[in-house]
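Asks: Take the sequences, apply the hints, and build the full model.
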Amino acid sequence: MNFVSRIWLPSAVFVAFLLALLNREGLYDQFVVNGRFVTEGLFTHGVQIGAWISAAFLANRLITVFFWDGFIGALSERPVTRLPKDVTGIVIFSIAGLAIASTVFHQDTTKIIAASGAVSIVVGLALRTVILDLFMGLAIHVDRPFKMGDWIMVHQNRVETHIIAEIIEINWRTTRLRTTANNMVVVPNSKLGETIVTNYMEPTPHFRMELDFIIDFEVSAERATRVLTAGIRAACEHKGILAKPEPEVRMKESSLNGMVYEVRYFILPKDISPNESRHEVNQTVLENLVHSGIMPAQSKEEVTLTRGKQRTLDASLNEDLYQLLTRTELFRSLSAGEFAKVFPQMQKRTLAEGEVLYAQGAAGDSLFVCLEGLLERFVEDPKGRVKVDTLRAGQHFGVASVLDGAARSTTVTAGTEVLVYEISKAAIAPLLEQHDELRDLLKKGAKQAAKQVRLKCEEAQRAKQSKAKGEKKTAMQKVMQSFFPGFTKSDKNKGDEGDEQK
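Residue numbers for the sequence shown follow our numbering, so the first one is 25 and each next one is one higher.
The hints are simulated quantities; they were obtained by calculation from the structure and are not laboratory data.
Incorrect hints may appear among the rest.
In the EDC-like style, the derived pairs of lysine to aspartate or glutamate whose C-alpha atoms are separated by at most 16 Å in a straight line are [stated by the list, open to error]:
1) Lys480 to Asp405
2) Lys372 to Glu343
3) Lys449 to Asp428
4) Lys171 to Asp93
5) Lys276 to Glu343
Replies: What follows is the structure in structure tokens.
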């Protein structure tokens, strides 16, 4: 029996080919007739099915390009999510499928629709959570509580578990978020529809942040507010931290450790994340506090039997002022004896907010050191005033007038209440002769300041030229421009020609 199982297959193959050889003429004629029938059926039905599917594909692509990406995208100025495009595609291809069943296969579509309804009930019971996510996604798209690119906070049971993230995708079942830690969080649409969501970018694209700083009670509220205000305004130079609306400092509450000051500022989330803005503001504010001789308060639970070390310096006291000035880059390399000679010749200057320290083009033979507050440097251009930079606590400026006697190249005004000290050329000249590194430091600072002035003027000029060339389009103009690229331009040219004729 073993040999039968080994030879039956080749035997069957041989017999089949032998019978085909004996009846080859009849088999060939039958094969040609049946093959022609099958080929004609496949070609006829295939062309009709292909025509319907290609028409549906073309219609779906036209709606996506001109309606969703063109019209709706231009109105919202944001990319349209995938969900409405997918819904449109399903509807179009479903219609195409019914048309194929009716016109190609001559089937009654009412029976198909009825059968699909019964199947839908069974599938709906099995996939009720998925369907809930689907319809909640449609509700989110219609209600538009947030859009792609918005920063939101998803509220949880506890404050520390709240999710702050950016919307990166809204699809059929889930909404995908990117957190400040650059992680992706996937939230089912049904869960997102049941919870409270805070949209940080509505009704305006920017939102407010708050940071608390605790300062000892021995520091006056006026001084603490001045130094903190200077710090937060200096941080506004970083992209994404806004100067308008203006940041502010508020006395929040008293604590056992000191007075709590709340620093409020606004950010543009598309340029900077909340965590990154906290880092920049903390760094700048703490730098201003250190250079101004103020340290954040510490716990007051310690009990000492000796006189505690003074941690906060007051510029109104000569001893403290001496320490504050020696911390600056300008005097850091001087010995105690050398600084003691120049210290009595320094003049104290206090400025109110908006007061001008010196104007561009004015003669000068001194430089300045900012001890508290924030100064702003401008260039007076024939077409307007251009802001160059800000000067913070611990920085020196006005160097060119001391080195070569040049007139003031910029206008310096007080951005906040400011405390500065002025050093004349006669007082610092002996130090420049003895210390080459100090002279090199001043020369380097003068070159950097001149370069900064030149770059800011060029940047302002380019901004004015680009603003003059183009003007902001309305939503309707953007839509018309997307459909007819030459529409707006041609209309504008026609208007200009009409004005010239008049």
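Asks: Are the hints correct? Go through all of them and say.
Replies: Against the structure, the hints:
For the proposed pair Lys480 and Asp405, the alpha carbon gap of about 11 Å is at most 16 Å, so the pair holds. Using a Cα cut-off of 16 Å, the hinted pair Lys372 and Glu343 holds, with the two alpha carbons roughly 15 Å apart. For the hint pairing Lys449 with Asp428, the CA-to-CA distance comes to about 10 Å; that is within 16 Å, so the pair holds. Distance hint between Lys171 and Asp93 is fulfilled; the C-alpha atoms sit about 15 Å from each other, no more than 16 Å.
A hinted pair counts as satisfied when its Cα atoms are at most 16 Å apart, and Lys276 with Glu343 does not qualify at roughly 32 Å.
When held up to the earlier numbered hints, the structure conflicts with hint 5 and nothing else.
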